[in-house]
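Trainee: Listed below, chain by chain, are the residues.
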Amino acid sequence: MTRIRPTFRRLVASTAAAGMLVLAACSAPTTPDSPAGGATLVVATSDEPDALNPVLNFGVDGAALIFDGLVARDGDNRLVPGLATALPTVSPDGRTVTAKLRDGVQFHDGTTLSAADVAFTYQAVLDPKVDSTLRSDLDMVESVTAPDAATVVFRLRYPYAPFLQRLTLGIVPSKLLSGQDINTTGFNRKPIGTGPYKVESWTPGDRLVLTANERYFGGRPANNRVVVAFVADDNVRAQRMRAGEFDAAELPPKLASGFDADTTYRVQRVPTADYRGVMLPMGNPVLADPAVRRALNLAVDRAAMVSGILGGAGEPAFGPVPPTSEFADPSTVGTPTADATAAGALLDAAGWRPGSGGVRAKDGRPARFTLMYPATDTLRKDLALAVTADAKKIGIEVTPAGLTWDAIDPRMKSDALLMGYGTPYDPDFVSYKLFSSQFAGQGYFNPGSYRSEVTDRALQQGRDQIDPALRKVAYAQFQKQLAADVPWLFLTYLRHTYVLKSSVQGATPRVEAHEHGVANSIWWNIDTWTRS
Amino acid sequence: MEHRHLDALVTRSGRLAGAGAVVRRRLLVAVPVLAATSVGMFALGAASPVDPAKQYAGAAAFTATEENLAQIRANWGVDDPLPVQYLRWIGNLLQGDLGWSTSRHEPVASVLAARAGWTLLLIGVTLALVLVASLLLGALAAYRRGGFFDRALRTAAYAVESMPVFWLGLAAIAVFALALGWFPAGGLTDVTATSTSWADVAHHLILPVGVLAVSQAPWFVLFVRDAVAESMRDDHVVAARARGLPGRTVLFGHALRTALLPFLTLIGTHLPELVGGAVLVETVFSLPGLGAVTVAAALGSDFPLLAAITLVTTAVVLAANLVTDLAYAAADPRVRLDG
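From first to last, the protein sequence lines stand for chains H and E.
Residue numbers 21 to 552, in the numbering used here, belong to the letters of the first sequence in order.
Residue numbers -8 to 330, in the numbering used here, belong to the letters of the second sequence in order.
It should be emphasised that the hints constitute simulated quantities derived from the structure, not laboratory data.
The beta-carbon is built from N, C-alpha and C at its ideal position, and this holds for glycine as well.
One or more of the hints may lead you astray.
[As the list claims (entries may be wrong)] Where chain H lies over chain E, by a calculated footprint (3+ residues, C-beta under 8 angstroms): (1) 42 to 50; (2) 155 to 168; (3) 260 to 271.
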């Protein structure tokens, strides 16, 4: 038995040594590393990109920090020249768009930007061999050419009014990427752009470190470095914000409001075009009745959803065009509170009589339907439950069902679904596919098979006409028709909430789209931020 | 002294005489086990209704045409028949190519290389800490069975066992990072650090390692305590006590050693639970280990990454079992490997 002792002792000794090593390491002080003047800004976000390449859909709506597009957006989301000297010109037939490039813009590696790089970037998106989900957005592009080093010409298959809005796509250097497999190139992890920041390092799952581009054509950034920390869990992000690790962090409304009382922080509630609504499928026998859809539209208490579920961080929604848009039609805005009496009267008139258990029925068919929502999304779950409760008050029974997208997909033609999307840039971007008859029943585009000739015509005119005034008329008609047909029950626009240290200056929020992460968040202009 | 050492060596090498054969035999078993695991992964993946292209597209799935998504699927070859996908995967694997991770958009080998090390470090340090602590604490509690220390330790162990790791982690952050400010609340290094220094990493690992260790320790502590208490009644321990040997020698030299044998093998079987705890701890402390990436791979039907992670985990568990068996043989004269 005694012979075991050396083995056993060694086991204990080595484990103890390992433990001691850890303890020794613990007591070592961390080296303070913040440069003088607070020249490093740290922001935290939940979503980590899978590639830092605009061709593969990174930061395509501008504000990519590392890249620039031909055009950019200002604080009011108005288009301003980016890499182009002026906003690109559109030919009278609307099918030729010409951009002139700024002189002497350099990529981070010192090479000079030329029109060939721009043409290459767009051609790469259009290349079927490239795994770009952006290709569908550029359906109208027939060709992109570079007749000389400073000129880019887009030929379109058909006139497309909001085309300039698509030119925020970041430009990549063709020299580094031509002949390479864009899906797998190392460039996706260590990209070279023209933007205000260069990529210093990217530790997957941890953080992205950016350093100032001294040669940035828009002027040298006001700070030396930006660190984007990836913290997936909301509670952890809030805790680390409170521990003082971040200058700014994206947080859900309820966690953000915990910082309201603390003067060392500032909570920013940023208006968005990010709506939540219930898609009502025409293929459902109860929901096919316009009276039921209109009654539901009157019965939902949007004001209660905003104050209760969103903690005040939102606005009631009555359509897919956000109130902040120049195309919003004020006449389609309803009352934010519920009107159960009017809803009940509507149902009575349409022949939906109160039946057993408080559920109305018509011709022996009870007024009930299933409302699906993605199970992991607590916000959508809360909204689905609120709709269920509001519908019950007018005698309509809703069965909420939390499912995965794969379970939702095959049922979208017959069951209602709590959806969310939206973009502030142009009403055509999302609405054209969501509400046109030609996309009826096609995947996520128009899953409820809504069909209206008036809507179709208005959407087409909004896309064909270049004149903004005429577009405005078309989209007003579109919104009126939607309000009459109620293919969707629009509930709320969200406000994206951020917590910032009050010492940070220069944050100027702009209306945000559904997607926000490394790019397009409140830190879209972080190159101008300073710290007092 | 030298003679005794030599003597011990000879005896031990005699005891491990069959080790080579055992290792060979285990490797022969390991290959079909790993192959079966990988086939299982692909079969499960095929049964999953998730469209990897839609997962990859994220919110863009709402604006991307079916044609666009179909092209991406074709580029990836994920619509090919399952045997074709599997043979392609195995063929690449034999050439040292682990494949392409669709959820992370980089080679599987790069994903593993960047993250596996941190998970192994977290698990390794925690295991070492748990072993030392549970052997010491368990043995001490058993020595004075029913005493104050024993009762306090058992109460604490049962209490901790009922706390979810996730909760423990958030509580530790609230106390040690926010209230006391002793440790960082998360991350691998200081967010503004320019390099990955070991001191910085160690400072950041104290809380996660501590939380994982505390959450895993009760099982080990209670086991050691019961086993030592049991062996304190063994004849040879009672005899040692009767011979008037000091308490410490009896406890650590005799009783604990007897109790250690079953403990060794049980560490191997407890390993998967430790891995599970590590995944949660990585999430709470935002550590870039395999945890989050495994969940993302599962949700995104990223078979190449999932298969690789499963294979690595299976291999680690098989290796751990082999090592514990060898250690068992080395520690117990009654066990013969070639027997």
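Trainee: Tell me the numbers of any earlier hints that the structure contravenes, in ascending order.
Mentor: The structure breaks only hint 3.
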